[in-house]
Every structure is written in C-alpha cells, then in structure tokens.
Amino acid sequence: MELTRRGFMALGAGAAALVLLPIRPAHASVEDAIAEFTGGAEIGEGGITLTTPEIAENGNTVPVSVDAPGAVAIVMFAAGNPSPDVGTFTFGPLAASQSASTRIRLAGTQEVIAVAKMADGSFVRAANTVKVTIGGCGG
Amino acid sequence: MADVKPRVRVPKTASAGEAITIKTLINHQMESGVRKDKDGNLIPRQIINRFVCTFNGETVLDVAVEPAVSTNPYFEFQALVPETGEFTFQWFDDDGSIYETTAAIEVS
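Protein sequences, first through last, are from chains S and V. Under the working numbering, the first sequence is numbered contiguously, ending at residue 150. Under the working numbering, the second sequence is numbered contiguously, ending at residue 113.
Derived by calculation from the structure, the hints in this document are not laboratory data. Errors might be hidden in some of the hints.
Calculated lysine-lysine pairs in the DSS-like style (CA-CA distance at most 30 Å, straight line) [to be verified]:
no.	chain 1	residue 1	chain 2	residue 2
1	V	K41	S	K142
2	V	K28	S	K142
3	V	K28	V	K10
4	V	K28	V	K43
5	V	K41	V	K10
6	S	K142	V	K43
7	V	K17	V	K43
Some residues of chain S that are not near chain V, with every Cβ distance over 12 Å (derived) [said to hold, decoys possible]:
no.	residue
8	I54
9	E56
10	L105
11	T113
12	T140
Ideal Cβ placement from N, Cα and C applies to all residues, glycine included.
Could you build the full structure based on these sequences and the hints that come with them?
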C-alpha cells in the first residue's frame, strides 16, 4: 500500500486522537494533585482515619472529619468535583490532636481522599466513597 | 460582605496543658466560581481562602480553603492550652478582607 499524503495525515490525526482519548478524567487530576503534595513519594496506608457519611442526601454540606496522629499536614480531595482540591490543614505546635472536621461540597457520588504528611516525612492516605443523592456544585 | 459574623465556641476555662475542642463558623456564601446565574454567566468566585487559628501568637491550625468547602464554612479542631491567653481566629476573603475574632481562656 502506498502511503499518500492524505492517508498519512489521516493516520496522524487518528494517532493524535488516540493519545488524547483518555480525556484526563477527574481522577487523573486527583492523582496529579496528590503527587504534587507528596512530591512523588510513596504513600502508605494506616495511621489516618477519614470519617464520612456513607450516604449524603445533600451534596452541599457533607460533614467530613479526618484524624491522623502525628501528622504535620493533611490534604483532602474530592475525586469527582470539578476541581478536586478541598483544603489543606496544617497543624501548628499548639494543635492538641492532628484532627479536624469541616463540611464540604460534593458534586455527586464519589471518592473522598485524605493524604497526611507525617512528621518523619512519610505519607499515608485514606479514601472513602460517599453516595450523594443531590449534587452540591450548582452545575 | 459587610454582614459577615464569625462565631467561635471556646471554653472559658481549662487546666494547663489541657486539650480543648474549638468549633468555628462564619457566615459566607463561598461562591465557588462554577455556578451560573439566570443568564448563563459564570458567577465569579468569592470564597474564604484561608483560615488561621493562633493562641498567644503560636499557630494551632492553618487551613488552605478551596471552593469545595461548604457555604458558611465550619471547622472543628483541638488545641492545647499551656497558659492563660487568647485565641485569635482569622478568615481571609478572596476580596482581601480579613474577618477576625478572639476568645480569651483562663487557665486555673
């Protein structure tokens, strides 16, 4: 088969489409955001507790709390939100426990992820799936 | 946002070195920047982007807040009270204003 210019262009376009095809779902950006926080370090399990409701009727205010004894900072992500960042909790010397509670918005049923940076520089993560009946991002 | 009223709950007394629970709430619409108005225009983002709690100048908690935090942001956390003093709470708005409140605590 002879490769014409037109054929070649079509091939190129197809290849480009293939590369771009995984339209970077929200999940990829979450992994990117986590990698940015950890600097690519390996993330362990355990030593961090993330408490979320199993089912949230109203995605506008979902109570979440996170507890990671010995952590310096905890970052929270909502994997399915338009922008996955939720917040970064940095604990000072007068924090009695490395825990915090807040209320967050969830656009729909999704995974909530918390990553803690420990005092020794290691990282741990916890993730929970929250079912959301009514999304909370006013889309 | 002239009507922003920060509210904090801090015990009035504690014993030295005791861990106390602090609850804070501030009324703020936390406009996320992804919502649209009736005409389909994006409503610009206006949120509290940072919350800081200090005791006598030492940090207890510093939160970088993103649009995913709900309207009327609420934070609950625990602090150590080494001596009699004052907690200072600050909320930083996107528009540059800082809402501040304090709460005194006595060590008996």
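Going down the list of hints, with the structure as the test:
no.: 1; hint: K41(V) <-> K142(S); verdict: holds, 25 Å
no.: 2; hint: K28(V) <-> K142(S); verdict: holds, 26 Å
no.: 3; hint: K28(V) <-> K10(V); verdict: holds, 14 Å
no.: 4; hint: K28(V) <-> K43(V); verdict: violated, 36 Å
no.: 5; hint: K41(V) <-> K10(V); verdict: holds, 26 Å
no.: 6; hint: K142(S) <-> K43(V); verdict: holds, 29 Å
no.: 7; hint: K17(V) <-> K43(V); verdict: violated, 47 Å
no.: 8; hint: I54; verdict: holds, 20 Å
no.: 9; hint: E56; verdict: holds, 24 Å
no.: 10; hint: L105; verdict: violated, 5 Å
no.: 11; hint: T113; verdict: violated, 5 Å
no.: 12; hint: T140; verdict: holds, 16 Å
Consistency with the previously given hints fails for numbers 4, 7, 10 and 11, ordered from lowest to highest.
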